[in-house]
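Chemist: Just need the whole structure built from these sequences, with the hints factored in.
There are 2 protein chains.
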Amino acid sequence: MSRTLAIEPLTAAPFAPFGAVIEADIARSFLINGGRTRRFDALALADPGEDADAALSVFRGAPWNAGEDGPIRIAMLERHPLGSQPFVPMERHDWLIVVAERPDPAACRAFRARGDQGIQLARGVWHHPLLVLQPVQDFLVVDRKGPGNNLDEHHFAPGEEVLLLPG
Amino acid sequence: MSRTLAIEPLTAAPFAPFGAVIEADIARSFLINGGRTRRFDALALADPGEDADAALSVFRGAPWNAGEDGPIRIAMLERHPLGSQPFVPMERHDWLIVVAERPDPAACRAFRARGDQGIQLARGVWHHPLLVLQPVQDFLVVDRKGPGNNLDEHHFAPGEEVLLLPG
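These protein sequences, in sequence, are chains A and B.
Using the numbering used here, you'd call the opening residue of the first sequence number 12 and step up by one each time.
Using the numbering used here, you'd call the opening residue of the second sequence number 12 and step up by one each time.
Derived by calculation from the structure, the hints in this document are not laboratory data.
Owing to the predicted nature of the structure, the values given are computational and were not obtained by experimental measurement.
The reader is advised that the hints may include incorrect statements.
The list makes no distinction among identical chains, and a pair is therefore deemed to hold if it is satisfied within one copy or across any two copies.
[As the list claims (entries may be wrong)] Below, simulated SDA-like cross-link-like pairs (lysine to any residue); rule was C-alpha separation at most 20 Å, straight line:
# : residue 1 : residue 2
1 : Lys156    : Pro140
2 : Lys156    : Gly135
3 : Lys156    : Phe41
4 : Lys156    : Ile18
5 : Lys156    : Glu61
6 : Lys156    : Arg71
7 : Lys156    : Glu89
Modeler: This is the structure:
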């Protein structure tokens, strides 16, 4: 029987094994531009890896369960062994993140991000592809553009899928 | 008498001397994640310069005319000689960009960006600090974190200011 994964609110401490939370953190901020702009500084450093550029792309996500009301079925994980990958919402809607310390259904953890929270997945972190809750939601991504294979995929065995019920 | 600057809609061709427009451009897109995500690929490459990281920060902008209805007074320009600087809205509101090929009021050009359009200022491009139209608007910025002076400012002489009337 498929296991239903608890969904935790996204905060920095529990997410730390997987990467950084990119959000307006007053403790890391200061005023610039004559007081007109508050800079929340260096919330993450791009890590595109060796001999590569950090490319800015837009990812337009659609729901994994194709707009149905049923659970979201997590049947695989992927990782980018050569570089980090941030996702920052360009529209203020909650979204979901599934990550794991190893490619194993039992290791999966799920986080619900607010629409003003992005993340940077550290290099090599296992994760599910983008999980949005709206019919469509755009994200800015800053990831490696360079040589080499930067994608590993792991598909779970039949019956090993985990389920998400975002409610 | 101060000159009022015409505001052009932001499109890639007129902005090209200053940098890149970061927007969902179907011609540069392909489907990934089993068809659930459309990737608008490599709309800009981060250029943090030598011996530096590309840091992800949030800039929270407030209006330059402090919420008044009057014109926005452009009295200075700045540039970052060592690295590029993108601004990507994290909320879908129009915003303004003032850029110039030289630090001269007569060279200033103004663009109105939609809320789904970001830009990357190329290294060393003269620009006005962030110009928002909402009481507050957040942007993701990916810029240089490294040694050296990465800020030049040029203040216009009294009476040389240019005005923006965003309407």
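Chemist: A separate judgement is required for each hint: does it hold in the structure or not?
Modeler: Now the hints, each set against the structure:
1. Lys156 to Pro140: within (18 Å within a copy, 29 Å between copies)
2. Lys156 to Gly135: within (15 Å within a copy, 23 Å between copies)
3. Lys156 to Phe41: So Lys156 and Phe41 pass the 20 Å test across copies only (15 Å; inside, 32 Å).
4. Lys156 to Ile18: neither (32 Å within a copy, 34 Å between copies)
5. Lys156 to Glu61: Close inside one copy (10 Å) and across copies (18 Å); limit 20 Å.
6. Lys156 to Arg71: within (19 Å within a copy, 29 Å between copies)
7. Lys156 to Glu89: within (17 Å within a copy, 30 Å between copies)
Violated hint: 4 only; the structure is consistent with all others.
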